[in-house]
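Please put together the full structure from these sequences, using the hints given.
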Amino acid sequence: MTVPAISARAVSKRFGPISALSDVDFVLETGEVHALLGVNGAGKSTFIKILSGVYAKDEGTIEIAGEGFDCRNPKDAIRYGIATVQQHPELVADFTGYENIFLGREAATASFTARMDRTALQRRGDALLSRFPVEIDLSRTIQDMSAVEREIVAILQAIAGENIRILILDEPTSTLTEVEKAVLFRLMKTLRTSGISILYITHRLEEVMEIADRFSVFRGGRMIATMTPDEVREKNLSLAELMLGETMGAVFPKKGEPADLGELVLNVRGLRHGRLFSNIGFQLQRGEILGIFGLVGSGIDELSKVLYGALSKDMGEIELKGEKVSLRSPRDSLKAGIFLVPGDRRIEGLALAQSAIFNTTLANLGRASGFAGFLKRSVNKLKSVEYAGRVALNPPNVTMPVSGFSGGNQQKIVIAKGLFADADVYIFVEPTVGVDIGARAKLYGLMRELSRTAGVIVMSTDCDEVHGISDRSFALYKGRQIASPGTIFTRNQLLMAGIMGDAHHA
Amino acid sequence: MHRHSILPTGLGRSLAFVTLVIIIGAAFTAVEPRFLSTQNIAAVTRHMAANGLAALGLTFVVIVRKFDLSFAGTACFAAMTIGFLIAGGYDLWLCILIGVLAAVVVGTFNGIAISYFGLPDIVTTIATGSIAGGLAFLYSRGRTIFQNFVTSGILDLNDARILGYSVSFFFLIALYAVAWVFMHRTRYGASFYATGENPVSAYFSGVPTKFYTMLAFIICAATSALAVVLILAESGTADTNEGANLLMPAYAGVFLGAALLGGTSVLATLAGTFLITMLLDGFSLLGVPYYYSDGVVSLILLAGVVLFDARVRQLFADLVSFVRPSTQVRENRT
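Chains as they are written, first to last, in my numbering: chain D, 229 to 734; chain W, 3 to 336.
In case anyone wonders, no lab produced these hints; they're calculated from the structure.
On a predicted model such as this, the values are computed, not experimentally measured, just so you know.
Heads up, some of the hints might be wrong.
As the list claims (entries may be wrong) - Here are some chain D residues pointing at chain W (derived, C-beta under 8 Å):
#1 P232
#2 R559
#3 E576
#4 A591
#5 A596
#6 S597
#7 G601
Yeah, the Cβ is synthetic: ideal placement off N, Cα and C, and Gly gets one too.
Structural data, given as structure tokens:
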């Protein structure tokens, strides 16, 4: 029998009074792809941080390839052959792929000229590529690369060191499209073939079934199960239920009824922005959710920004509640009654060092203040607490900096901000990226709740999300609006419309 | 995201600040008993007024995460404008008003160039500061202006006392109170903070971020002109050196205050300025030449900036955990 790559017994870790991990037994076999599942706070991040040397375990034993593991910092972990790729890898934007991979290890011997030796870097990079074949042009700079290419550079950087045997990937697919995911999975399979064991965290359950040899589920700081995708299929288990520990209802709420439909709030005609999209037209009523599915680069991000006034339109008309509006900035849009829950909440949605109260009130400071602009502090706090309750913010603490919340809860704060902004049209872009399954169901429920009094648009690169949440939908393919051939899209029609630009082949 | 902190937070920080003031005060008093004399305390409060005014305006610029290196030059231009007008026999308040307006023009130029045209803040303000400092020479070809100063009444601004303290100190406190209310209790202050914290999310939230960035530069120019009025009142003359001594204490006040109290704010700047003024005054009382005391205060400024920088604090936290691996740094996240 071969010695497992990682063998952990009874590992525990506490942070003050909070037990983050208790009594975890775990085995990573050599050359397997092993997924770690669990809702936010279940302990999977703590576990990989122990393996990568960020935290020290409190109790238990860990053996790496049969050797005792005494690791105090990330450098130690690399000595044991463990490399980690963070969720948002830090790469130098204007360096090439080659330069990034060998950053800090440009030369085997210290000398000034060796550092600048581009051909040597290229030779070593190509040698690495021949060991682990993957389609990528490493001579381009990081800023010119797509999300998956950056992920590949980060992985190559991690395994470029000597004798890396174990690779830890933290949510590598959270920002990737379906097509890009396939590229990453091919690389993961290549690595596995060459004997590298892979441990990876993901929130996307369907991926686990696709790529993982085995997976382990964390819940409340404990490892509650390790099994193979085949076992799941045989026994017809639900991964979501395993993670949540309860029988889960459907992730998506019930669809709207025709009786819910109200006033026409948004009427868009012939919208165009440069070469990114053209001739987009749709109507939106109160009481419904309109879904727009499109891949990265299809124009959905730009469309959301044009509708929100952050980008200018070149042609077309936008009518709000029957009146033609000209939206020159988000400020105009907010006044007119449009609120955007942007795709990148950390950059576009939140002031991370500020409290939930600050963030909740920011998009409607007029409502948050009274005479001479004085903030109504007690009212704002009460309102923030009320909205925190409505979105089920966890923990329900409105005074701590929002950077302390998990991704799903940060998204809930952006929604609370939307509630406070009191809009007629809510536009969600990529609403559940990096959000675990439990919080995701809650977010979908909130969208449905919002749609009772307003019109809601959900734009996403996740076809199942668009299809699951929306009452009506269309796809955006290379800036072209692809409508349903029938009255309503089936899931496969929508997928084909978004990927191929043609719904008829489904 | 989790943060590590090696400094106490909230009340702990305030206590740490008070302790620091007491220690420094005791140290100076031990060497030079006159440090606690009413005369010296009055002097500290008077000096604090000029530094504090410049630091107050700079606080706005730092809150929107920009730098203004022009305000020393701008203040000098304002000083010579005021001096020229006083020498011309105009009413004192009119002279001050025009001087402040002259500074506001420079500040507006900075603001528009940096926020609406996206020019780099540091280079732009170095340039405008030099230009303003150069323009200051035009009034008298660089000669000191002193005509009419005694009769204009400007010296009274320095000499007037309420309860034994200079009026300028009360003016400072009043202006800080107004600034505190504006910054920490109104929607406008929230907009300044939102702009600095994350301009993209602020813009997406409907905050006119460019306008607030411009406003910060205008406020900074205006308060540095007010600061130089107090300097003119104390010296009784206007020369082309005025304002040059504002730059370092203002930055030291803002950043040291932020380091001590955990973030840039009106109160933090007041605390920082108090500490800096106390140090500068103590050194001058001891007869330490200014080139030494400036060096010491600048070192303290550097220490403040280092402590203010989250990355450096992280490094310290890592070092501490490396030296004592048993006491692992705690994750604050819940």
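Evaluated hints:
no. : hint : in the structure
1   : P232 : violated, 26 Å
2   : R559 : holds, 4 Å
3   : E576 : holds, 5 Å
4   : A591 : holds, 4 Å
5   : A596 : holds, 6 Å
6   : S597 : holds, 4 Å
7   : G601 : holds, 4 Å
When each numbered hint is compared with the structure, a violation occurs for hint 1 only.
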